Every structure is written in C-alpha cells, then in structure tokens.
Amino acid sequence: MTSFTVAPTADVDERAEIGAGTRIWHLAQIREDATLGENCNIGRGAYVGPGVVIGDNVKLQNHALVYEPARLADGVFIGPAAVLTNDEYPRAVTPEGRLKTGDDWHAVGVTIGEGAAIGARAVCVAPVTVGRWALVAAGAVVTKDVPDFALVVGVPARRIGWVGRAGRPLTPKGDGLWVCPETGAEYREADGVLTES
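In the working numbering, the protein residues as written are 10 to 206.
Hint data in this document are derived by calculation from the structure and do not stem from the laboratory.
These numbers were taken from a predicted model, which means no experiment stands behind them.
Take the hints with a grain of salt, since some may be wrong.
Quick list of in silico lysine-lysine cross-link-like pairs, DSSO-like style, CA-CA up to 30 Å [claimed, not checked]:
1. Lys182 with Lys153
2. Lys153 with Lys109
3. Lys182 with Lys109
Generate the whole structure from the sequences, applying the supplied hints.
So this is what it looks like as structure tokens:
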C-alpha cells in the first residue's frame with residue numbers, strides 16, 4: 010500500500026522517491042531519480058526532471074516545469090506555468106548541425122530556499138538561487154540571485170521591497186526596521202540583507 014496519491018493519468022517513474030502524503034495530479038510527470046518530500050502537491054501537467062530534489066510541503070501548481078538539477082527546499086510554492094530552466098546556452102543542435110544529446114551540454118540548476126514563492130508564469134534562468142521566504146512576482150524573469158525575503162518583479166527581475174514569512178510586503182519602521190502588517194513580526198535590514206529580529 011502506497012502512502013501517496015497518484016492520478017491514473019500521471020506518469021511517475023518507478024525510480025522516483027515520493028514522500029508520504031504527497032499528491033500527484035492528472036498528466037503530471039515525475040522523472041527517474043527525482044525525490045519528492047512529504048505532503049507535496051504536484052498539479053495537473055507539472056513536470057519534475059530526473060534527479061530533482063523537492064522538500065516537504067511543496068506546491069507545484071498546474072503546468073509548472075522544474076528541470077534538473079533543481080533543488081527546492083521545504084515549503085516552496087511554484088506558481089502555474091512557472092519554469093525553472095537548466096541550460097545557459099540552449100541549442101537543439103551542435104555547431105556541426107548534429108542533434109544534441111545529454112552528452113553535449115552541462116545542466117545547471119535553480120535552487121529555491123525555504124518558504125520562497127515563484128509567481129505564475131515566472132521564469133528562473135539557471136543558474137540562480139532564490140533565497141528563503143523571497144517572493145518572485147508573476148511573469149518576472151529571474152537572471153541573478155534573489156536575497157532572502159526579497160520581493161522581485163519585472164524583466165529582468167529587480168528587488169522593489171521586502172516580504173515576511175506571510176508573503177506580505179513589509180512596512181518600514183525606520184532605523185532599518187521593517188514590520189509585517191499581518192503578523193507583526195519584525196525584521197532588520199543592514200547592507201542590503203534582511204534578517205528576522
């Protein structure tokens with residue numbers, strides 16, 4: 010008896026490791042040697058590449074594409090149709106015109122920190138790291154690392170503020186202090202880095 014749920018139309022390779030309580034919905038594909046933690050929710054048509062590692066309590070929304078060798082920490086949210094790429098210099102063919110194979114390129118990955126969220130149709134261009142509890146806005150294109158708790162928007166993505174664990178933009182209190190309007194939690198900014206107080 011399995012401790013996870015897989016829709017009949019999903020394609021889950023038998024070499025993948027799936028944690029207890031994880032749900033994999035219609036037309037999702039989980040490739041060989043992928044590791045999914047406990048209580049994940051993999052939406053319709055989502056793709057998880059070979060060897061990708063996903064933590065516990067992660068949500069991949071419908072048609073999210075997570076290419077190897079991506080690493081997603083616990084509590085990560087990947088919005089609908091968001092893409093985590095893996096090829097810095099994509100080409101279908103070699104300079105000689107031969108169809109490329111896995112031996113013709115080196116995959117680079119995207120790393121997403123604990124609790125971070127990637128908005129709908131956003132693209133993270135590998136190799137980049139999105140920090141803990143950061144928020145990438147819908148449609149953004151991330152081309153450089155995103156600090157912990159940063160709110161980034163646009164093409165290319167740029168930081169426009171800070172967010173707390175609740176995902177809400179933080180309000181400045183002065184003297185480098187920021188507060189979450191939802192939880193009241195306080196954060197301190199110093200030298201472009203935000204930390205929890």
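Against the structure, the hints come out as follows:
1. Lys182 with Lys153: 28 Å, holds
2. Lys153 with Lys109: With a Cα-Cα distance of about 27 Å, the restraint between Lys153 and Lys109 holds, given a limit of 30 Å.
3. Lys182 with Lys109: Given that 30 Å is the threshold and the Cα spacing comes to 54 Å, the pair is violated.
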